[in-house]
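Chains as they are written, first to last, in the numbering used here: chain C, 76 to 379; chain L, 47 to 374; chain E, 4 to 335.
Keep in mind that the hints were calculated from the coordinates and are not lab data. Just to be clear, a hint being listed does not mean it is correct.
[As the list claims (entries may be wrong)] Each pair of labels, with its calculated beta carbon distance range:
(1) C:106 / E:139: 37 to 43 Å
(2) C:233 / E:152: 34 to 40 Å
(3) L:149 / C:123: 28 to 34 Å
(4) L:140 / E:41: 52 to 58 Å
(5) L:113 / C:157: 53 to 59 Å
(6) L:210 / E:244: 31 to 37 Å
Heads up, the beta-carbon is just placed ideally off N, CA and C, and yes, glycines get one too.
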Amino acid sequence: MANKNFLAVTVEKPREKGKWHRFWDRVSRYWYHFSRNKLSVVGLAIVVLVIILAIFAPLVTPYPEHAGPFVDYKNAGQPPSAKYWLGTDPIGRDIFSRIIFAFRGALVMSILVLAIAVPVGTVFGLLAGFYHGTIIDTVIMRISDIFLSVPSLVLALAIAAVLKPNLMNSMIAVTVMWWPWYTRLVYGMASSIRNDYFVIAAELSGASKFHIIFREILPNCLSPVFTKMALDVGWVILIGASLSFVGLGEQPPTPALGQMVSDGARYLPQLWWMSVFPALAIIIVILGFNLFGDGIRDMLQSSR
Amino acid sequence: MDDKTLLEIKDLHVWYKVYGGYLKVLHGVNFLVRKGERVGLVGEAGCGKTTTMKSILQILPPGDSRIPKGEIIYKGKDILKMSFGELQRLRSKEVAMIFQDPTAALNPVFTIGAQIGDVVRYSIALEEKRVKKEKIKTLSARALKEVYMPDPERILTNYPFQLSGGMRQRVCIAMSISSPRNLLIADEPGTSLDVTIQDQILRLLKEIVEKQGTSIILITHSLGVAREMTDRIYVMYAGTIVETAPAKDLFKNPVHPYTRGLLASVPKISGGGIARGIPGRIPDYLNPPPGCRFQPRCEYATPSCQEKPPQLFEIDKDHFVACYLAQR
Amino acid sequence: MTQQGNSEILKVVNLKKYFRIGKDKRGPIYVRAVDGVSFNVKYGETLGLVGESGSGKSTIAYTVVGMYRPTSGQILFKNQNIGMEAVRRPLSLKKEIQIVFQDPGSSLNPRQTIEQILRLPLKLHTNTPKKQLKEKMIELLEKVELPADYLYKSPPSIGGGEKQMVAIARALAPNPSLIVLDEPTSALDVSVQAKIINKLMDLQKELNLTYLFITHDLSLMRNVANRIAIMYLGKICEVADAATFFEKPLHPYTQMLISSVPVVTEEEERLKPKKVVSIGEIPSPVNIPPGCSFHLRCPYKMPICSEVDPEMKEVAPEHIVRCHLFGKQASG
């Protein structure tokens, strides 16, 4: 069989598939690499469950009103039971409902922190990487070093203490200490991709700096950024919990995980369920996001 | 099989697990190495040369590979059925391997002496319980002398980065001959080096093999290298052996359409231009074409080529071709 | 091929490119990657620049396209000095000189589609209206015999040879007159190399292109280049016409190179110089030996070789050698 385009003849049969079909093909390929490690699937399940619970908190919790200013001294300090799955606190609020509502604040905080820290950190990293070896590189990287050298929790404490202690301000505090990690990550990649031949080819043909940074370099940095983001959701929740543990997060009566742990600590060991269950919730959420992040890494690495 | 046979591969199939099924990489490889013979395994990237070599030493990635069919018989014993202990013995006493990239094959944080010393120790540790340091050092230095390294005593204390690429490859060769072996497998031993240095390495390898009477399997993508180095050449395409002949015959009378296409693509120093290459590219191993794997790219293909893979057929003394064209 | 008056498209005069790598008591340490090289390329020809690693052949290529600024010397393109970095070159000059890199895997952005890759040079260097861009891209793909649906593929999903064809299409997009080919096929299999090389040769005739072809592969050069220049440690050893090169190699290094090439026919075997066998190592370009840089490996070494660096001598028309063996003949 003679064929004019001899270089292009592939021996496999031409697969005439629709867009939808190709999309599924891609999804199932991603799923194959993601699910090779079963723990990633467990992580995904936890993540999905936590997100669904948080979104539909008023519908799925038995006592949604307990997440606010609510008092019921009759049922104060109840141990876990069929009525109150994880027990109640000294003013009779259901711990389970409060944990689910606390997920809301924790997730919102993570998402907002990353929504600001990731783009800012990435852009700085790209600039420093592109101008590798120049004064721009030095300035950006030294500034990020300064932020990294201050103990992160202390910095957050200082910021939260100067401003008023609430969710908004603890978010600002965490964001300020979070972006340099992305700068460093992207800087490392961008400064090596900068010397790849496809970047040189674009430069030689006279492409603009904007084109080179955002069209050529950026798309090649995204996989590790996404992986780190998936892992970081858990870490931001942990930092948020630490801040609220010392009273610098969501203020009562709105529930927050760290605040619940610290409140409960006063009643240990009698009302152990007050702090143990929120602490367990923190552990499970963070574990879930970490396993999920590992899966994302496997998926993005091997499907390239 | 006569008593001159050292290694025989019979109908070897190797599959790799990937998304969507198995890559059927090796598809019935037949291969024979006699004692003292220099054999070339020639083929282009992705044809399964390296997989074949890895199956001989059983260093295929354990979780992702399968050997659904085939035998690898070394000195009358099937490697695929060997116990771990027997495999260790095979790797430390019988077969040695020289890799393409000497920089990657040497550990950068240990001295040359430590690395050759390890190889020497493993190979004599099987007989002698206690190995003297002095003996290891003497044997290592002797191995370096065999590959014409100047000042072997000093080289033993050097780290790989202190040597040039050619020197590193000499060290790798020294390692593989530091204790007597029956079979050397060299995977593209000069490819990452410059032409003049490659020439030196190949000449050295040839000399050593001749002197020690070792058999060698030279894996290469270059027909020229195979011609200058080996007695017998196996041409591999897409996981099958398409043609095998004594080196001289192969270049005088190539029969398989793939061998011919490949030979015509090689630029000659006598000039005359280059042929247009072979249309198409190697098949998708996930869904390989039916019948002969070369058939979709072959200008002589007939419908019968799609039915059954052709078997190796002796068209001349010791010259085998897997093509229906040759049988007619 | 001679055009009256000015037949040279590219003229390189005493080009030097040193890279500073450090400092010691005696002052800065340089790698003398290119150390006084002169050659010229005529309109429509292919000049092969052959050398082993460290010979400086790629440095020359990169200096010509403007990745580096020369330390000294001149590069004249159509009689205009272009010894500067690409940033300082006018757009019209960038358009004229294109390069195809060795590894198509890294010269094409893996995160872009072929369409995006081809669009950039078209947008920068041609004023193709937006509506005709796609048509133009398909035309480019046709030139390198790739079907139009390749526009929507991305580099990782196509074969190495096809990637290199895309890289060639990208180089053709601005309609250049000189293309620098930096080992365009050394990462590919011979059967794929054959296709690429033949395509390049066809395109050269069709579009009147001039090639500066960088490679380490002598036998490939025999079949591709009109003239060949051999480099060793930053200097040119011998320049001659392709056929002369293999029939009458003069420089001992050329002979060593040819005798090292693995060949496949007996006809080629006869061409190989038997007396010169490859010995020794290529010295580091940081510590280039005094005198002729090849004297440590040369079988015909004379006392003068370790003291005086020989000069380029034209021993026959269009055949230039830099070796003391021939210097005397020419002068006396």
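Structure-based check of each hint:
no.	hint	in the structure
1	C:106 / E:139: 37 to 43 Å	39 Å, holds
2	C:233 / E:152: 34 to 40 Å	59 Å, violated
3	L:149 / C:123: 28 to 34 Å	46 Å, violated
4	L:140 / E:41: 52 to 58 Å	57 Å, holds
5	L:113 / C:157: 53 to 59 Å	57 Å, holds
6	L:210 / E:244: 31 to 37 Å	33 Å, holds
Checked against the numbered hints above, the structure breaks hints 2 and 3 and satisfies the rest.
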